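Going down the list, the sequences are from chains A and B. Number 18 in numbering that gives the first Met the number 0 belongs to position 19 of the first sequence; there are no gaps in the numbering. Number 232 in numbering that gives the first Met the number 0 belongs to position 233 of the second sequence; there are no gaps in the numbering.
A portion of the hints provided could be inaccurate.
As the list claims (entries may be wrong) - With a Cα cut of at most 25 Å, we get these calculated DSS-like pairs of lysine-lysine:
1. Lys-519/A with Lys-558/A
2. Lys-568/A with Lys-356/B
3. Lys-572/A with Lys-24/B
4. Lys-35/B with Lys-558/A
5. Lys-416/B with Lys-509/A
6. Lys-416/B with Lys-558/A
7. Lys-24/B with Lys-35/B
8. Lys-475/A with Lys-527/A
In short, the hints are calculated from the structure, not lab data. Note that the structure is predicted; figures quoted are calculated from it, not measured.
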Amino acid sequence: MKEVKKYIAGNYDVVVVGAGHAGCEAALATARMGMKTIMLTMNLDSIADMPCNPNIGGTGKGHLVREIDALGGQMALTIDKACIQSRMLNTSKGPAVHSLRVQADKKKYHTEMKKVLEDEPNLDLRQGEVVDIIVEDGEVKGVVTRTGAIYNSKAVILATGTYLRGRIFIGEVNYESGPSGYSPANLLSDALKRLGIGLRRFKTGTPARVHRDTIDFSKMEIQPGDEEVVPFSFMNMEKDFHIDQVPCYLTYTTEKTKEIIQNNLDRSPLYAGEMEGVGPRYCPSIEDKIVRFPDREVHQVFIEPEGLDTKEMYVQGVSSSLPEEVQIEMYKSIIGLENVKFMRSAYAIEYDCIDPTILKRTLEHKGIKNLFFAGQINGSSGYEEAAAQGLVAGINAALNIRGEEPFILDRSEAYIGVLIDDLVTKGTNEPYRMMTARAEYRLTLRQDNADLRLTEKGYRIGLATEERYRKTLKKKELIEEELDRLKRIMVNPTEENNKILEELGSAKIKNPFSLYDLIKRPELTYEKLKVLDENRPDLPREIRLQVETHIKYEGYIRKQMIQIEQFKKLENKKLPMDLDYSTIKGLSNEAVQKLNKMKPDSVGQASRISGVSPADINVLLIYLEQKRREKKENSND
Amino acid sequence: MTDTIAAISTAIGEAGIGIVRLSGKDSIEIANKIFKGSKIDELKKAENRKLTYGHIIDPKTNEIIDEVLIAYMKEPYTYTRENVVEIYCHGGIISVRKILEAVLESGARLAEPGEFTKRAFLNGRLDLAQSEAVIDLIRAKTDKSFQVSLNQLEGNLSKKIREIRNTLLEMLAHINASIDFSEEEDVDDVTYMGLEEKARLVKDEIERLLKTADRGKILRDGLNTVILGKPNVGKSSLLNSILRENRAIVTDIPGTTRDIIEEYVNIDGIPLRIIDTAGIRTTDDVVEKIGVDKAKDMVNRADLIIAVFDVSSELADEDFEIVEIIKDKNAIVLLNKSDLPNKYDKDYFTELLPGKKIINTSILEGVGIDILEEEIKNIFYSGTVNIESDIVVTNMRHKNQLVKAKKNIEDGLEGIKANMPLDCIEVDIKACWENLGEISGDTVSEDILDKIFSDFCIGK
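Could you put the whole structure together from the sequences, leaning on the hints where they help?
Here's what the structure looks like:
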């Protein structure tokens, strides 16, 4: 083959490779932070594509979306425009785990996101397949496309999703492909290997899409959205937010489904041993579920629309890599799908990804300056996880170029911090998904207070807008005022007041009580106590929610704050990246090995590396103190 | 370093005095809570760096633990450059342990290995060269305590702790599954009743373990060892022989009756509390009967019985009674006076007491004592010692963790009863789970996720 003649196609601050959820956030962040940015994608039609489930949010994930929004990211704003059903999950549980999940019109989401990208003044969109990364003296200098275009840049963000050497499996059939029938990226993997970056195989899967008119909904349970719809973006909070909602449906597999799968297991590439990739436990294929939980007679199946302008329906819960004919037979055994017609088959996809422990907490490669990685290439899964990483990579690329301090959120500040710390410190053996159970400080990291936690940070780095910042300040002020007021308003033990309390199912009072203290009683709420609060100001829903949460869970939150304080102490002890741990006396051999490989940025991060013991951490603390004193002594000389 | 740490600063064992030391901002305040002076009623009122006489009072029972001399030293002119209190009490094991417990109960935290020295260094008290020594200290002590944790004796405790943690893990997995996968059909709702039941179970188990710590078993009081045998078989000679060769820890324990002699001895690191019974003899004499009843009581509570028989004379009814008593117990059989003509042999006893270790001895000649000691060690390290509850908390650090765990599960129970939301309750349950993990050395939170995925069919 003739060698492609290369040419200089442009000079940029940042090149973003990939236009999925990670790429979109990364490119918008750098552009909005003043960096001249180009986004390269193999296909402009795949911008912000959702090749799997048609929803955004859910437990843990919803938290991420709110945090992205609070920092000045895009996902929440766009999904608020493309939302066709909204539900707040876990409302029966505590406020910390309330999670927003909405159904997306996929096409609309793509179109809206593309519009935002196109309108961004500092951002160029360009179709093209990146096949090489230019690195000189340990620093990234740009990328090369398949057609010979060289884009020089100060930073490169790789957000390639599941495209790297993508391979689709449907029964005995397998072929090179990206998701949703898009082309795979077969050449970039080799470029990464040339840079000494190891690759491994992960897999994921998706169910079939079926024709709406061939479904018998009368046999299914309808699943409507919430009556009161809450927007994702804090910017839309006080607005009159309205959407036209469409329902989803719930149905079940049958004994026959199980039988069909069991009879055809040998034709599944997973069980025939043809796939090497590791799949996620939380998102198993239907054949996985049948094998692992043989006692379960039936499994849930959700039918969800892919959008308003299409009759394609997503069949949640039945992802599979069985042969096409088996899939069709199996789907027809599901209640209500007896006459179903397939539009797209279910498939499993295998792809290359990196071991994320080679990254810093900024998502920059530890050895190659200004080369960033974000999204599924890092071994994560999910649109929201990808977007969160894209945002952090984008912010840090911009800060690096500006020569400013890196932007790192720790585990006590955000789910984003938990996500990235987990990935780069512990690594992952399966596609990583966010869950609230992964967050140690769940009570303080709520989706309702993401703006209070993060917007100021986003504003300081120049990403969150002035308007957003002011809005958050106002919210803070209102909450504090109301908390103060509730502390001041005393309820006296009059006969009348006690009668009201009794009616509310609460015990009488003998001494004056502040409203603040009364709200603490489990049986009382902020709303219920309105009867004893004549001059209560008319506050927005989100403020009332914050006030109530703050008071009700004060004790628990305080406990968590103490834990966070402890946690921060080690987190604030910074370790230099160029430290050779074998020179530190007293570390165990295993610790030296792990620490030299991982190069943690703080003693806190070091303490989370497996194989590093509390004794090793003590040794590190003493070492740091030695260094500090040596420095002091030298400066005294 | 805002918390206050405490530890026993003198070596455990034979010593005239023992020292318990506190360091940290609140150390004077904490010591003040448990100290009652005779002239100066409050420690705070005493002079800096001067010894004061008084008593340490158990904060739970208000009883006197020991008479002591106490001194506080104000920062920064102390070893650690923090407020330091030193309590000088009677030596041996019991006094220092009880005082340390009282201090911990009153707000101090047990010091980690080398922590006083570490603080001294971090607060600028030691120079750089000395800091090397600090690292060695941390390393050495940790490695040692690591070895200890591998010890079979603690194996039983770890096993029990893991059992309790498993219950907690089930609760955590269920709560977290119901939060993170609320729409999965397989994840049924967590009921508060179910949670309460499990939390109570956990609380009971922790309390039971704490009781074993309070009773002060093995490493604190020694392995309860009873020497049994009819008169004149050589019991006293055996006791004297063991005492002669080994280091006696405490020789004078108040409360010893005239019928029962208690001795503390340390055989290669294994502390024994040896009880020489006045002899089991059926008697109608009321006065003597009390002594005999006591002996039987001792036998029932023993961790180990050494039964001595006179092989030079025919077995008497009393001997058969002893055989009966030790049948189902942890016992070593000594066939003494084996230098004299034997009336029966080892095989005869093997039939009587299958599975028991039988040793031919001549205590007066010093024959077989080494084998006996070897066997005691075997029994101790192989974990066959069948201590009352089978599980003992001997380590103060462990006890400390258990106290924390108990507090957390109690908070959790309170939350459950008050119908607090699951994510709040989870905070306490998880804290309890982590406290216990510090004991067994398992603290990986990934376990919760593994449990969720193995127990519940997750995956929409």
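We went through each hint and held it up to the structure:
| no. | hint | verdict |
| --- | --- | --- |
| 1 | Lys-519/A with Lys-558/A | 16 Å, holds |
| 2 | Lys-568/A with Lys-356/B | 56 Å, violated |
| 3 | Lys-572/A with Lys-24/B | 22 Å, holds |
| 4 | Lys-35/B with Lys-558/A | 33 Å, violated |
| 5 | Lys-416/B with Lys-509/A | 24 Å, holds |
| 6 | Lys-416/B with Lys-558/A | 19 Å, holds |
| 7 | Lys-24/B with Lys-35/B | 21 Å, holds |
| 8 | Lys-475/A with Lys-527/A | 23 Å, holds |
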